[in-house]
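K.L.:
The primary structure of each chain is shown beneath.
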Amino acid sequence: MLSEKETTIIALEEDVVEFTETKPTPPAPKKEAKSVDVKDVKIAAKKTAPRTSKKELTMLAKAASEFAKKMLAPNREENDKYPFGPFFEDALEKAFGVDFFHIILPEDMNGMNQGMSALSVTLDNICQEDSSLGGILFTNAAAQELMIQAGSKAELERICSKETVRDFLIALPVFNNPSEVKHLAQAKKTGDAYTLSGSLEYMVLGDLAGQAIIPASIAGSTRYSYFLVDLKDKGISKSEPILSLGLHACPAVDLELNHVKATLIGQEGKGSDYFEKMADRLHVAAASMALGVMKGSFKEAFDYAKKREQGGHEIINWSEVKMILSNMAIKISNAEMIIEKACKAVDTLEAKWETRSRAAALHIQDMACDLTTDGIQLLGGVGYMKDFGQEKRFRDAKHIQALLGITPIKKITFIENMI
Amino acid sequence: MISRSEIKSYLSKEPLFDDMTCSLKATTRQPAAMIKETRKIIELARRFNKEVIEPYALELDRTMQKDPDYLPWEFVKKANEWGFFTLWIPKIFGGHGYNIPSLSYFMEETGSACLGLSNLICVHYLAVSTIFASWNLSLISKLCRLVAQGEKTGVPCLLSTAITEPGAGTDVEEVELVDRGKVACSATKVEGGYLINGSKVFISSGHVSQWHMVICYTDLKKPSENMIILAVETGSKGFSFGRVEHKMGVKGCPASELIFDNCFVPDDLVLLSRDHTGKQKRGVKETCGQILDYVLASSRAGVSAWGAGAARGAYETALDFALTTEVNGKTLANHEWAQSMLAEMYKNVCIARLTYIETNYANGMYGLFKTIQMKPLFYYFKYMPMILLDKFAPMILNLASTTWLFRKIQLDWQSDPEFHRTAGWGSLAKFTGTDMGMKNCQMALEIMGQSGLRQDRRAEKILRDSKLLQIFEGTNQLNRLNLFKCLVAKNNPMIKVFEKE
Ligand SMILES: Cc1cc2nc3c(=O)[nH]c(=O)nc-3n(C[C@H](O)[C@H](O)[C@H](O)COP(=O)(O)OP(=O)(O)OC[C@H]3O[C@@H](n4cnc5c(N)ncnc54)[C@H](O)[C@@H]3O)c2cc1C
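Chains P and Y supply the protein sequences, listed in that same order.
Note that this note's numbering has the first sequence beginning at 1, numbered continuously upward.
Note that this note's numbering has the second sequence beginning at 1001, numbered continuously upward.
Any given hint could turn out to be false.
As a list, the in silico SDA-like pairs of lysine to any residue whose alpha-carbon atoms are at most 20 Å apart [to be verified]: (1) Y:1408 with Y:1138; (2) P:234 with P:199; (3) Y:1439 with P:370; (4) P:322 with P:305; (5) P:189 with P:221; (6) P:307 with Y:1167; (7) Y:1485 with P:319; (8) P:55 with P:347; (9) P:386 with Y:1060; (10) P:182 with Y:1457; (11) Y:1066 with P:182; (12) P:182 with Y:1331; (13) Y:1439 with P:199; (14) P:386 with Y:1375; (15) Y:1375 with Y:1409; (16) P:386 with Y:1167; (17) P:188 with P:305; (18) P:238 with Y:1456; (19) Y:1439 with Y:1341; (20) P:411 with Y:1335; (21) P:322 with P:382; (22) P:386 with Y:1065; (23) P:270 with Y:1328; (24) P:411 with Y:1023; (25) P:81 with Y:1485; (26) Y:1330 with P:414; (27) Y:1221 with Y:1284; (28) P:81 with Y:1060; (29) P:306 with Y:1375; (30) P:182 with Y:1329; (31) P:411 with Y:1344; (32) Y:1391 with Y:1381; (33) P:261 with P:168; (34) Y:1285 with Y:1179; (35) Y:1008 with Y:1025; (36) Y:1066 with P:240; (37) P:182 with Y:1179.
Rather than coming from a laboratory, the hints here were simulated on the basis of the structure.
Using the sequences provided together with the hints, build the complete structure.
P.N.:
Quick look at the structure:
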């Protein structure tokens, strides 16, 4: 049974998740972030059942949305300045405190034991305001999932018992499928122990997390394996945070490894299997990030079009503007339906669930790139400026499209899986 | 035998023969020496890319992300040393007199290396076009000679164009809209000149320019009939700079706010006012529209060339990646899907290029460059020694009758179909070229995956830069409507464009 308070949250939620709401939130004024009511968020999150019901998903959505509005939206522009501005440590810690990083973890690891629906709904709502945190959540979830798929339970349990967010986080080169482009370290086996050497590009969360999962090839083997390393190891040197297109506050670094002690994840040579299994599930979560960005972009454009006047009336009255807005809204509506269906397929292991998850991501990420460029366009010159969130959403959407590998190859893999 | 009138009737059906054949007609009418000049310009641009832009572009972009208020003076000085601010100013006005269409090739070349730095050089010529479209020859001569002097002294003298206002962007680009817009920047007649009040926003190169061509209005109730173009010098009393915008890309070229608070501009710095437009045959409003379109038809070809540059930069970056990256055990460029995508990108570059070339042909035959590209004048200026031009030109140019004659030729003698052709092609080139630029950037990032996301691998910067091209010089939406107005609706009185909806 849900408490009265929780029911109210659900009722309120309808307004939050519905992108067609009549009064979209105006562009966030620049103000100090208020502290979010952590307790409320936690209640909403914890209450969700293993098979997340619709109501409980709505509660989680509400919690994520409130969190994003209070903790992320007010400082979006500031947070985007990273690495040339401060990192949003506070938001990260609060997100950790309300268990957003525990969604897919099993209960015995202090997790919420939720499926992709819960992760997706959280990412969608977070990314409506600022997808950098979404990127951190996604990367960490992908790393956790990879370990779950590899059966590295003990290692994962050890990591999940960590008290601070930085110790808890796991870095992963989440934009590269190592089977496609072989960004791999070299692993050396001595007895039962492994050491890694070589360089590794674009390690996401590499300068934030306590540990990293690294793909590496063992001499003599054509297939790669995954290893866990402690990022504080003296044999690791990190580049400055890489200046990137989007997700500025979800930073990546290049790593140089010199005889770094490593723990094998799962079995030797099985890296590719684990990656593909993880990717089957996580693609839909990537699609949800794209959906969140789409919703944010639409809201901003819709609101602006109702206020900005050109040619003697609000620009929303020009049918050309209406047409663009309509195309954006149609994309969002379709994306919502696709994601809902795909999440359900993944969580209930429906037939062809892997296909649904991947198809959702490929299609919706494409749509997000189209939509966010229109999102800038509708604001004219100001859309190109840092003052509004539109240019960031445009960058983030393109960045999100690259999650889990090179897009055209993801498409080729999609059909190859069907042949 | 088909009669002459039948032939005429067939050729006057839409699309008009002349609308379809700008390049065909131009091949024999335009001076052949333009080819040699263009070769030289492309060689020069490529050398400049290699020596100056390529080693500097990413570093500047990074610096500007760190410090968005940074102004790249060192680059302005370098471009000045290379002579880029006078290359396309006619010799009679103190410049080097290269043909204007070759500027578009230069924009494609330099734009393919860095749109921001290319902007910083070439947006100066938007102002040059603006002053030329006024055909106020004595003031053109004065301003252009100041630019030339800046080259000699090593103190750059750049020009900017300021039309956009906080409340009116699309509206000020279109005479049909401007009267309904919220224009607020006014010029009030006072003894000996005008007082400007109000502000302009997003002005490219504002902070690094010495002179600003300010387009504002002597009567805010009827701006379409009261457009005035004034030259304002940096440092003038009552004129100041506001903020430098913090943009997503094109960081090499600052976008500035210009603030006018009772800024006095003497009569001799008025390029064009109602006093002049009122004397032309079309009437005030139409002449104002014609002048705006003169500028835009040429500057939009230039923006299309930047689109081609962006498309090319993205294509070249993706090709380089495909040649140097192994995917699934095979060089990426050997995957058939990648070959197909790269071919599509190559095509996009060519489409963009073809549109700006055709528009330049239209402008050379029927628009802004018509007079200076007439063979006798072209060769006369090309081979006349500079000393003689410097000595005699000001005398001729300062005559009121010369200005009168040029306005007659350029404005009154331009027929309506010619006016529609140039303006329509300008818009077509603008949105086609810039859409091609964006398309290729999106494709490059798709092909490059993780590598495409990194600023140090260029592709993401080109994407950020490229997006601007779809916004300025009129949004691509406005340009589609302008094409419709000029090339579709012109002969159909029942069609109304920009009607209130
Ligand atoms: C970096 C940068 C540099 C620039 N440089 C210069 C410069 O050097 N000089 C200068 O004068 N200006 C400059 N501009 C301004 C630029 O030309 C304007 O931004 C552009 O014309 C759009 O105007 P706006 O920004 O006011 O958008 P708006 O006019 O407010 O447009 C907002 C949206 O409404 C749409 N819209 C508006 N009216 C209509 C209509 N009638 N029908 C259908 N849709 C409509 C637009 O297409 C757009 O999608 C620059 C802008 C930028 C961003």
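K.L.:
Evaluate each hint against the coordinates.
P.N.:
Status of each hint after checking the structure:
no.: 1; hint: Y:1408 with Y:1138; verdict: 16 Å, holds
no.: 2; hint: P:234 with P:199; verdict: 15 Å, holds
no.: 3; hint: Y:1439 with P:370; verdict: 10 Å, holds
no.: 4; hint: P:322 with P:305; verdict: 9 Å, holds
no.: 5; hint: P:189 with P:221; verdict: 12 Å, holds
no.: 6; hint: P:307 with Y:1167; verdict: 11 Å, holds
no.: 7; hint: Y:1485 with P:319; verdict: 16 Å, holds
no.: 8; hint: P:55 with P:347; verdict: 16 Å, holds
no.: 9; hint: P:386 with Y:1060; verdict: 18 Å, holds
no.: 10; hint: P:182 with Y:1457; verdict: 18 Å, holds
no.: 11; hint: Y:1066 with P:182; verdict: 32 Å, violated
no.: 12; hint: P:182 with Y:1331; verdict: 12 Å, holds
no.: 13; hint: Y:1439 with P:199; verdict: 33 Å, violated
no.: 14; hint: P:386 with Y:1375; verdict: 48 Å, violated
no.: 15; hint: Y:1375 with Y:1409; verdict: 16 Å, holds
no.: 16; hint: P:386 with Y:1167; verdict: 19 Å, holds
no.: 17; hint: P:188 with P:305; verdict: 59 Å, violated
no.: 18; hint: P:238 with Y:1456; verdict: 16 Å, holds
no.: 19; hint: Y:1439 with Y:1341; verdict: 11 Å, holds
no.: 20; hint: P:411 with Y:1335; verdict: 14 Å, holds
no.: 21; hint: P:322 with P:382; verdict: 19 Å, holds
no.: 22; hint: P:386 with Y:1065; verdict: 11 Å, holds
no.: 23; hint: P:270 with Y:1328; verdict: 16 Å, holds
no.: 24; hint: P:411 with Y:1023; verdict: 42 Å, violated
no.: 25; hint: P:81 with Y:1485; verdict: 43 Å, violated
no.: 26; hint: Y:1330 with P:414; verdict: 19 Å, holds
no.: 27; hint: Y:1221 with Y:1284; verdict: 15 Å, holds
no.: 28; hint: P:81 with Y:1060; verdict: 16 Å, holds
no.: 29; hint: P:306 with Y:1375; verdict: 53 Å, violated
no.: 30; hint: P:182 with Y:1329; verdict: 9 Å, holds
no.: 31; hint: P:411 with Y:1344; verdict: 18 Å, holds
no.: 32; hint: Y:1391 with Y:1381; verdict: 13 Å, holds
no.: 33; hint: P:261 with P:168; verdict: 19 Å, holds
no.: 34; hint: Y:1285 with Y:1179; verdict: 11 Å, holds
no.: 35; hint: Y:1008 with Y:1025; verdict: 17 Å, holds
no.: 36; hint: Y:1066 with P:240; verdict: 14 Å, holds
no.: 37; hint: P:182 with Y:1179; verdict: 61 Å, violated
In this structure, the earlier hints numbered 11, 13, 14, 17, 24, 25, 29, 37 are contradicted, and the remaining ones agree with it.
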